[in-house]
Amino acid sequence: MNLKSISFYLSLFIFPVSILSFVNILYSSYFDYFLSIESYLTTLVASLLSASGLYFFGKNVDRKISFIDQLILVIFIYLIVGILASLPFYMSNSQVTFINALFESISGLTGTGFSTFKTVKYLDPTLILWRSSFQWLGGLYFLIFLTLIFSNKSFNYKMTNLTFISESNFNSEESVKGNILKILIFYCILSFAILILLSFSDIRLFNSLNLTMTLVSAGGFLPTDNLNDIFSTKLQKIILIFSLVLSFLNFYFLFNLFNRKTFIKNHREDIYLLSISIIFVLIIYFNNFDGFNIIINVVSSLANSGITLIEDNNNFSLFFLFLTIIGGSLISNTSGIKFSRFYILLKITSAEILKLISPNSIINKTIFNSENKITDENVKISFLIFISFFLSLFILSSCLVFDEIGFESSFKLAILALTNTVNSEIYGLENFAFANLLISSKISLIIFMIIGKIELISIFLILKKFFFKD
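Counting in our numbering, the sequence shown tops out at residue 470, every number present.
If you are wondering where the hints come from, they were derived from the structure by calculation, not from laboratory data.
Here are the simulated distance ranges between beta carbons:
(1) 366 <-> 226: 39 to 47 Å
(2) 406 <-> 99: 19 to 27 Å
(3) 153 <-> 390: 25 to 33 Å
(4) 467 <-> 401: 22 to 30 Å
(5) 32 <-> 292: 33 to 41 Å
(6) 32 <-> 153: 50 to 58 Å
(7) 59 <-> 467: 28 to 36 Å
(8) 352 <-> 53: 49 to 57 Å
(9) 349 <-> 282: 24 to 32 Å
(10) 366 <-> 436: 45 to 53 Å
(11) 387 <-> 255: 28 to 36 Å
(12) 271 <-> 42: 45 to 53 Å
(13) 254 <-> 60: 33 to 41 Å
(14) 99 <-> 404: 12 to 20 Å
For each residue, glycine too, the CB sits at the ideal point set by N, CA and C.
Build out the structure end to end from the sequences listed, making use of the hints.
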């Protein structure tokens, strides 16, 4: 393991924590939240010192690191940035234990939205802004991971090569910096567009800012206890639906929208996802649900956000859990197995059945009828991801059962943790008290929230590197 190179890149991902700390210091000073300043000053100093130390430790070494080292780097980023992000929670007046603070920060970074706070309205506004901002930062980091690390040809288990991605040539340091800059610019533009739409729809600026960071990252943290306190008009609900749809589509969707020659060719996956959304909405519509709420619940589940306007439990919780397992585009902030992998497995299975019925038939092995062929490697990885997801589900739900919360709650929580989806009313877990869980259960959820984002197969690869050397 190349510790010095990992340290160098890790430092670059820690520095933004200092920026967010400084922003919250300015916010606290401007609005006279002086009791909060100390926690953000501590986080600012801790993040600057740790980032500077790691930077100088690894700045004079070869910056090319192996794929396994890149995976280790990603895990370190979640853990160390999560620890730094937990400091304002731990030092707040809410009397939060360290494990609860870490739980809250990792939940934000992974875009899950699980919270140990019973109610949001009593939280310091700076703390609400802090946890929302780490959703935004976590979403940005994950898109960078997708583009620079998970697209590695050594073992492309994210299979990002099957859908359009911007320039994927990262042979030089300049090209890496250029692509990170493009991702940052695109992400900021998308965030700004959602913020403008929410603000123009008469939503309070503070709520608009926090919701923007939640929606663009497919997160689950809200600035209020109930989303109905914010969204009341049809226009506001339409903007919410639009923002959720964007979060489960290919990240490069907007930037190719006006290029009509390549739009259909490069975004067939998105068109399929939109079609699936419409089909699911129509299926539920005939069960006498409110039209807007149906659409919000479907797209929120596919986006692995989970936020909803429904106030009561409903009979479709397992249906929406299934949608969270499907997930959205390969190149998005969504988690789950991902729709494209389901598509590959279903297409290959039907092709094998067709072979048995008609051995001389010609089998179409393209994905979404594009030029990209479904290879044997794609099939193997899709199947491996499918198996590893349900293995993770079995392990996590088994750990949670020992907490005496019941099998149904354990099973649902395990699915939501692995798909990084908040426990809202549409899954029947809106009143679940994470603060009352055993420390072992919280640690298990923290681990599997990270695994849900990077997928269990990455852990297997790291273990293989260290324990099964050739």
